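Here's the letter readout for the chains.
Number of protein chains: 2
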Amino acid sequence: MHNVSHLECIKCGRRYAARPDRYTCDACGDAGILDVIYDYDYIARRVSREAFEDNRDYSMWRYMPFLPVEEGSARRPLRVGWSPLYRAEALGRVLQLDNLYVKDDGLNPTGSLKDRASAVAVLKAMEAGADIVACASTGNAASSLAGNAAALGLRSIIFVPKRAPEGKVAQLLIFGATVISVQGSYQDAFRLSAQAIEKWGWYNRNAAINPYLVEGKKTVSLEICEQLGWQIPDWVVFSVGDGCTIAGGWKGFLDLYRTGLTDRLPKMVGVQAEGCCPISRAFHTGRPVEPVEENTLADSIAVGVPRNPDKALLAVRDSGGTMVNVSDEEILAAMGLLGATTGVFGEPAAAAALAGLRKLVADGAIDRHETVVLCVTGNGLKDIANAIRASGELIRVPPDLEYVERALKRLELRG
Amino acid sequence: MHNVSHLECIKCGRRYAARPDRYTCDACGDAGILDVIYDYDYIARRVSREAFEDNRDYSMWRYMPFLPVEEGSARRPLRVGWSPLYRAEALGRVLQLDNLYVKDDGLNPTGSLKDRASAVAVLKAMEAGADIVACASTGNAASSLAGNAAALGLRSIIFVPKRAPEGKVAQLLIFGATVISVQGSYQDAFRLSAQAIEKWGWYNRNAAINPYLVEGKKTVSLEICEQLGWQIPDWVVFSVGDGCTIAGGWKGFLDLYRTGLTDRLPKMVGVQAEGCCPISRAFHTGRPVEPVEENTLADSIAVGVPRNPDKALLAVRDSGGTMVNVSDEEILAAMGLLGATTGVFGEPAAAAALAGLRKLVADGAIDRHETVVLCVTGNGLKDIANAIRASGELIRVPPDLEYVERALKRLELRG
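Chains as they are written, first to last, in the working numbering: chain B, 3 to 417; chain U, 3 to 417.
Hints in this document: simulated from the structure, not taken from any laboratory. From a predicted model like this one, the values you see are computed outputs, not experimental measurements. Heads up, some of the hints might be wrong.
Where chains are identical, the list cannot tell them apart; a pair therefore holds if satisfied intra-copy or between any two copies.
[Unchecked claim] Here are the simulated DSS-like pairs of lysine-lysine, each with C-alpha atoms no more than 25 Å apart in a straight line:
#1 Lys361 / Lys411
#2 Lys164 / Lys411
#3 Lys164 / Lys13
#4 Lys164 / Lys269
#5 Lys361 / Lys13
#6 Lys164 / Lys201
#7 Lys269 / Lys411
#8 Lys269 / Lys13
#9 Lys201 / Lys269
#10 Lys201 / Lys411
#11 Lys164 / Lys361
#12 Lys361 / Lys269
#13 Lys361 / Lys201
#14 Lys13 / Lys411
Construct all of the structure, not just a fragment, from the sequences and the given hints.
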């Protein structure tokens, strides 16, 4: 990895060699999240807009010069990344935005942006010589790990809390993961996974513990920029749970800027659910992040004890962005709005990002002429229960055309 | 459409001008399915392997010279097609196939190969001047129509039978479709949709009625060939319900052959469920297709009265291929095998194709040195209920490392 200089603690600045199994700072413990520091001069000599235009690898691995993986280790069995960026004119008209784009990361192999992180994790696991990679999660992190591990022939062990929904567990089992259902809370599952990883030397894919995951996530921003013809949008909107995804998004824009591929930076918007907004609260009050309850239907961002608030807050503050909260009702309304105007079916967390954007435009914080990119971080098919809550009414008729006609008249819809 | 010559009835050979709203043969009625006949000399002068290699449109629309849509009408809001083709080494080892590939069409925008058909349907609807496009379906056809229509700003009206699962209806409603729940059977819903389409002049996206849909589906084969470096596989495996998908697959290979881009044709394998195999039975007995019960969990291919058996039978017979039936147990086993060896989560119908392939290899009908492409036609996230049935057991432990250790010892798995 000639492109990587070292790892650096974001708390105390201590430096570490970029070993694949170096996770956190020895001095600061789990709070000492490490940042991958690159040699941008080295990278700058190896990248150009023209070279990217000639690159036929339409996946996240086209950005190999920016990624902390050994060049020799880059077997990449699943096609992760290069998700579509849609110009969303109809949705823009509703929000009164002239230049709105939607990045549909729900079209990744296992249905979420987390595939970008897991694709890096499984390669780092192989670099570390591990046969087994593990995490504690019930959501997108787990399914992306199980899928990417299966494709590479690695074993995955996933710790889930007792309450993990059967459907989400089924996807893990289909991918051949060993699923350990810890008869307790998510915190119990997380703690037990940490102990087991420590004891048996498995590779650790727990978000925010592993510094390389954010680096995979950042490819979403590299793509946004390239897909916009190397223009930087004014605003980029992510929903925020743990904080890792928005941190990754910001890192991507920083990378482009630092290598001179772009000459400006966007403002980052972080959206949280009203019922679970510890990072947003810290952003607005300036006080430290405090644990909160997890009262929202948007399970991908229902994180009461976020593990990466520092990197997330840095992303929003350094970019001159902002954070906003939305209610569950606003999230459900946004799911239908997104689907009906773009044909993109996003999970509730993705709809939360749209709901937040809508608020900021209505408040005048975002101007209608500014360019905005909305990140859809997960596929709505992953959470049908909430899609049912979000969807409107169907029309019940007997099998007789006359009833159809009456119903359509009420809708003023006959073609 | 200079590339299209005319439409031709596959029963009686009558010819029709290729109007966007010409559906079936006047003389033969609904059984008189029309085939789009191209001017292959015209197309051959406009395509070459080199031109495709320079084409940066990585979607089904890169094959525009082969598609029956007006060049001016080609607004294509969703990124349909160019799904990944994976070399499946681990799965190949299990099946004892040296050259196995998996085409993951579950990564299309609404999660299935049907997006290819619906993307054409909505463009033809616009060509026909329609504002509303309609069909009767509960499955992938409906969701792909609703999603593609939403992205283009068209209204969609979907007729579903009373028994349509709530989750599938929710996806339609999220896409803004008008969903008419006919209080009766699928046949009732289909008949009512036909009457309403006739009466109000909506555009008809009912499969096998509309001759243009198969043309969209054929792009899956154009992609397979290009992704294999313009090699034609020995075998291509599809599951079969209505018959339209395998017919489309075959048409794509014919198109390539007729324009001289390739010099051979593959053998097509059609797989049906034991509990619902009218086309397979007709193939093996030589007798006409007869209606059967729909006794299989693979709902995408549970079609007791297939509407396109003729084109499907032609595809299998003309290609020198074969058909095979698989049990629900074999389908469930194949779901897990596919996921655990490739990281691809396919719906039961896709797993059926794998189960059928497995049988043919075991029977010696397919040789281990032959090149085989398995088509995964839909995303497993669409049918979590069956994924739960297909998946193995999770391991329940109290939050104590000792119990984890005991469980792992039983699995002989500690890293």
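Taking the hints in turn, this is what the structure says about them:
1. Lys361 / Lys411: So Lys361 and Lys411 fail the 25 Å test inside a copy (34 Å) and across (53 Å) alike.
2. Lys164 / Lys411: between (50 Å within a copy, 22 Å between copies)
3. Lys164 / Lys13: neither (34 Å within a copy, 59 Å between copies)
4. Lys164 / Lys269: So Lys164 and Lys269 fail the 25 Å test inside a copy (39 Å) and across (48 Å) alike.
5. Lys361 / Lys13: neither (33 Å within a copy, 58 Å between copies)
6. Lys164 / Lys201: Close inside one copy (23 Å), not across copies (54 Å); limit 25 Å.
7. Lys269 / Lys411: neither (47 Å within a copy, 51 Å between copies)
8. Lys269 / Lys13: within (23 Å within a copy, 62 Å between copies)
9. Lys201 / Lys269: neither (42 Å within a copy, 52 Å between copies)
10. Lys201 / Lys411: between (68 Å within a copy, 14 Å between copies)
11. Lys164 / Lys361: The answer is neither: 36 Å in one copy and 38 Å across copies each exceed 25 Å.
12. Lys361 / Lys269: within (16 Å within a copy, 56 Å between copies)
13. Lys361 / Lys201: neither (47 Å within a copy, 43 Å between copies)
14. Lys13 / Lys411: For Lys13 and Lys411, neither the intra-copy (64 Å) nor the inter-copy (39 Å) Cα distance is at most 25 Å.
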